[in-house]
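Asker: With these hints in hand, go ahead and build the complete structure from the sequences.
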Amino acid sequence: MALLKLEDVHTYYGKIHALKGISITVNKGEIVTLIGSNGAGKSTTLRTISGLLAPRQGQVLLNDERIDRIPSHEIVKRGIAQSPEGRRIFPRLTVLENLEMGAYLHSTRSVTYQEDLERVFTLFPRLRERVSQKGGTLSGGEQQMLAIGRALMTRPQVLLLDEPSMGLAPVLVEQIFEIIETINAQGMTVLLVEQNALQALGIAHRGYVLQSGRIILEDEAKVLRDNETVQKSYLGLE
Amino acid sequence: MAAEANAQTSAQAVRRPIAETLRTVFGPLVQLLLFVIGSAIALSLLVILLSLVQLGARPDLLTRTLTILPQVLIDGLVRGFLFSTIALGYTMVYGVLEFINFAHGEIFMVGGVTGAAVGLFLASVGLLEGMNPLFFVLLVVLIGMIVSGTLAVTVERIAYRPLRGAPRLVPLISAIGVSLVLQDVVRLIMTNSPLGFNARYQSPDFGPPIRLFEMTLGDRPVPIIISPKALVFITAAVIMLIVLNYLVNATRLGKAIRATAQDMSTASLMGINVNRIITLTFLIGGALGGAAGALFGLNVGTVNPYMGFIPGLKAFTAAVLGGIGNITGAMVGGLVLGFLEAFVASYLSLFTNGALSGAAYADIAAFSILILILIFRPSGLLGESTTQKV
Numbered sequence: 567m568a569l570l571k572l573e574d575v576h577t578y579y580g581k582i583h584a585l586k587g588i589s590i591t592v593n594k595g596e597i598v599t600l601i602g603s604n605g606a607g608k609s610t611t612l613r614t615i616s617g618l619l620a621p622r623q624g625q626v627l628l629n630d631e632r633i634d635r636i637p638s639h640e641i642v643k644r645g646i647a648q649s650p651e652g653r654r655i656f657p658r659l660t661v662l663e664n665l666e667m668g669a670y671l672h673s674t675r676s677v678t679y680q681e682d683l684e685r686v687f688t689l690f691p692r693l694r695e696r697v698s699q700k701g702g703t704l705s706g707g708e709q710q711m712l713a714i715g716r717a718l719m720t721r722p723q724v725l726l727l728d729e730p731s732m733g734l735a736p737v738l739v740e741q742i743f744e745i746i747e748t749i750n751a752q753g754m755t756v757l758l759v760e761q762n763a764l765q766a767l768g769i770a771h772r773g774y775v776l777q778s779g780r781i782i783l784e785d786e787a788k789v790l791r792d793n794e795t796v797q798k799s800y801l802g803l804e
Numbered sequence: 006m007a008a009e010a011n012a013q014t015s016a017q018a019v020r021r022p023i024a025e026t027l028r029t030v031f032g033p034l035v036q037l038l039l040f041v042i043g044s045a046i047a048l049s050l051l052v053i054l055l056s057l058v059q060l061g062a063r064p065d066l067l068t069r070t071l072t073i074l075p076q077v078l079i080d081g082l083v084r085g086f087l088f089s090t091i092a093l094g095y096t097m098v099y100g101v102l103e104f105i106n107f108a109h110g111e112i113f114m115v116g117g118v119t120g121a122a123v124g125l126f127l128a129s130v131g132l133l134e135g136m137n138p139l140f141f142v143l144l145v146v147l148i149g150m151i152v153s154g155t156l157a158v159t160v161e162r163i164a165y166r167p168l169r170g171a172p173r174l175v176p177l178i179s180a181i182g183v184s185l186v187l188q189d190v191v192r193l194i195m196t197n198s199p200l201g202f203n204a205r206y207q208s209p210d211f212g213p214p215i216r217l218f219e220m221t222l223g224d225r226p227v228p229i230i231i232s233p234k235a236l237v238f239i240t241a242a243v244i245m246l247i248v249l250n251y252l253v254n255a256t257r258l259g260k261a262i263r264a265t266a267q268d269m270s271t272a273s274l275m276g277i278n279v280n281r282i283i284t285l286t287f288l289i290g291g292a293l294g295g296a297a298g299a300l301f302g303l304n305v306g307t308v309n310p311y312m313g314f315i316p317g318l319k320a321f322t323a324a325v326l327g328g329i330g331n332i333t334g335a336m337v338g339g340l341v342l343g344f345l346e347a348f349v350a351s352y353l354s355l356f357t358n359g360a361l362s363g364a365a366y367a368d369i370a371a372f373s374i375l376i377l378i379l380i381f382r383p384s385g386l387l388g389e390s391t392t393q394k395v
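So the protein lines, in turn, are chains A and B.
Here the first sequence is numbered in the working numbering, starting from 567 and rising by one per residue.
Here the second sequence is numbered in the working numbering, starting from 6 and rising by one per residue.
What the hints contain is simulated information worked out from the structure, not anything from laboratory work.
Where a beta carbon is used, it is the ideal one built from N, C-alpha and C, also for glycine.
Be aware that a few hints might be false.
Pulled a few chain A residues facing chain B out of the computed Cβ check, cut under 10 Å [stated by the list, open to error]:
1) ARG613
2) SER616
3) ARG635
4) PRO637
5) SER638
6) ILE655
7) GLU663
8) GLY668
9) ALA669
10) TYR670
11) LEU671
Facing chain A, a subset of chain B residues (Cβ under 10 Å, in silico) [said to hold, decoys possible]:
12) GLU103
13) THR155
14) THR159
15) ALA171
16) ARG173
17) ALA264
18) THR271
19) ALA272
20) MET275
21) ILE277
22) VAL279
23) ASN280
Answerer: Listed below in structure tokens is the structure:
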């Protein structure tokens, strides 16, 4: 069943036509990845879904309800969480306060909040150690963990991850991708934007290839991995 | 059994201990206290030193310096808290929107005029005479807060929100426009009402000045007095600062305000309604300014439509002095500036043997500070490293 659906979405930055008719379907329980080079429109797609940008044409549907005309803080309420590009941790809030911000829509006195927090700390034991440290003092990998943890605290139906591997050491990239798989195995639907196409296609069920605002390929992840164009342009294989 | 105990301890580990809450609330206040004591001592030592240097030529100078010193310190505190409470409005709005709300001085003025209007109304219905002074203070502060808070929110709605996303200079100019409009609208209202242009701020009798203690200098005793109104002002300001610190540092709402100040679009990804937080910021800043206006007018005894301009500029200086965008900085900057002004106003003519009138040069001192800070330490007294934007 389609949980999240984009139908012919066009998004502009002023006069720049960034998305030229994107259609994407994310089914419940899947990991779907969007791959493509710099400026292809991957992040723009996520920002459009989250309501940070409004599409000029087309629609975004969550559970068959249109969400492209409502403000971003309402979209979070409907169940879409994003770990944005560049992590965007609140640098002068502590790790715990960052996670509390994720749970802004929920009571922090409830038992469910404590359970959510436990779950994040089980996924990312490093965060528990750094709980009262300021977000800005964390390393890149820890900030990425915090950004994903913070997104999970909103209790989403779909988790949007924007370049979680960016700027991380290979061993950390490995770890982050394992965690994404774990989160997915626990039942979370994930839409993953990546430049690291090899890794992304390794854990995704399906994938879309974006090029200058258009989808040029879409298929099962393993089919895409064997596709010649993908191999040449994005996997660096000859 | 063991697993249960384990789960319990880990749940406790993530719950914030009370000690930490106390620290986040009172930490800034302790910092403020240190700055108050520090600048009071530093400036006192400076004037004592200056009088000792001139001791040969003018033997009575030291006695005269010491005689007025306690009074100058009290004056400094009153001025300091005035600047602090107004500076908070500048700094909070700057923290969230990175824009200087130059109409904030007028929000302060409206608080003062509202207080005077309440006094006038109570006097005209004959309730003022027998009213408990503290109840009166509570009343004018509350009404001043409501009127100024509402006005600040309205101004944001009308004059700033439509300009969000415009180049930074545009809302700034809009703010200056709002400032002029408010001054003249209030003047129009006041001159066409029983208040008049220079309105007397009527209040119940606060009683005689309070004698704090007596200091013996040489052969004559010098009483140290504080007017009850000044005492009320200082007490109210301290209470407001404590409440604000609690609100910003320890509540969910305060965290949302700080998160919005640090990263607006990411805050909206957390489900925070950014527009509501901005409204709230203007409401809190406006209410603080209104309360300061109501109390300041009471302290001075008269209000007029232009009374907000100079204090507004000085409070802006205070906010820059402490590090604009930084709440603790605004309080610290306000108090340091207040002390500095009080010292210049009282001692300049004394030390120059009357050649320079201190009262006239106090403004120059304040704005010279602004220029010096902008040149040598643009990040303010508290600096960037400790910056806690709203």
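Asker: Name the hints, by number, that the structure is in violation of.
Answerer: Hints 3, 12, 13, 14, 15 and 16 are the ones this structure does not satisfy, whereas the remaining hints hold.
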